[in-house]
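Engineer: Read left to right, the sequence shown gives residues 808 to 1027 (this note's numbering).
If you are wondering where the hints come from, they were derived from the structure by calculation, not from laboratory data.
A few of these clues could be false.
[To be verified] Straight-line C-alpha distance at most 30 Å; calculated DSBU-like pairs for lysine-lysine:
#1 K1020 x K884
#2 K1024 x K843
#3 K1020 x K873
#4 K1020 x K843
[Said to hold, decoys possible] Quick list of the computed label-pair ranges, beta carbon to beta carbon:
#5 R976 x P839: 15 to 25 Å
#6 I885 x E945: 21 to 31 Å
#7 G921 x L853: 17 to 27 Å
#8 E978 x L864: 14 to 24 Å
#9 L813 x M851: 54 to 64 Å
The beta carbon of each residue, even a glycine, is placed where N, CA and C say it ideally should be.
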Amino acid sequence: MQYLGLAILLGCVAALLALLALRFGWRLSWFPGWLKGNLLLALMALGIVVGLAAWDLQHFADIEPKAATVGTLSFSKIGNQQFEAVLDGSQGSTTVRIAGDLWELEAEVLRWHGLGSALGLEDGYRLHRLLGRYLALEQERDSTAISSSLLPNLHSTPAWRDLWAWVDRVEGYRLLEADAFEIRFIPLVDGARFSLELGPTGLTPVPLNPAAKAALKRFN
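Can you make the complete structure from the sequences, with help from the hints?
Structural biologist: The structure is reproduced here in structure tokens:
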């Protein structure tokens, strides 16, 4: 009976609101102005969204048909399982402190389909995140629990307006597809220096000194 009574009460409120709307607005003289105002607000909102997308797109670079060097990455040990990584790329130099035994690098990739591909638009990439990983499961679990929301990014775009993240949420046919390249589970070695080569199929670390070659041998 409780829910029936609530349903009747809400039905009466709905009927009262409908009567008020008919009493004061039945001539609909207000409707054109209301519709125009809402259309203008929608256009303004769409303009802001497109502007934010354009601002984010400028941080992506073309993926060359053949693998090309997009930056260098070097590591310096500053403590027990603590390293300072320096990434030198087209956007300048970025320094990130990471902890662990291994390192990973992620790149966001945008791929064009349909009309974009027909127009000859090139797929694009943006280096996204550099991570440290522990070999010990206990350390890795504790590290993930503490710092999962504070992982360093290699670009300044906040998550709420990350174009790649929004495109990745879209399902079904898409003009633009969100993809990703990763380098995973490379041992952290003091003094190691790598060249980062990126092509249509992925991201590859190329050793530039003996320490980097030793790291890749341990990886293999």
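Engineer: Compare the structure with each hint and give your call.
Structural biologist: Hint check results:
no., hint, verdict
1, K1020 x K884, "17 Å, holds"
2, K1024 x K843, "66 Å, violated"
3, K1020 x K873, "23 Å, holds"
4, K1020 x K843, "65 Å, violated"
5, R976 x P839: 15 to 25 Å, "36 Å, violated"
6, I885 x E945: 21 to 31 Å, "23 Å, holds"
7, G921 x L853: 17 to 27 Å, "21 Å, holds"
8, E978 x L864: 14 to 24 Å, "22 Å, holds"
9, L813 x M851: 54 to 64 Å, "39 Å, violated"
In summary, the structure is inconsistent with hints 2, 4, 5 and 9 from the numbered list given earlier, while agreeing with the others.
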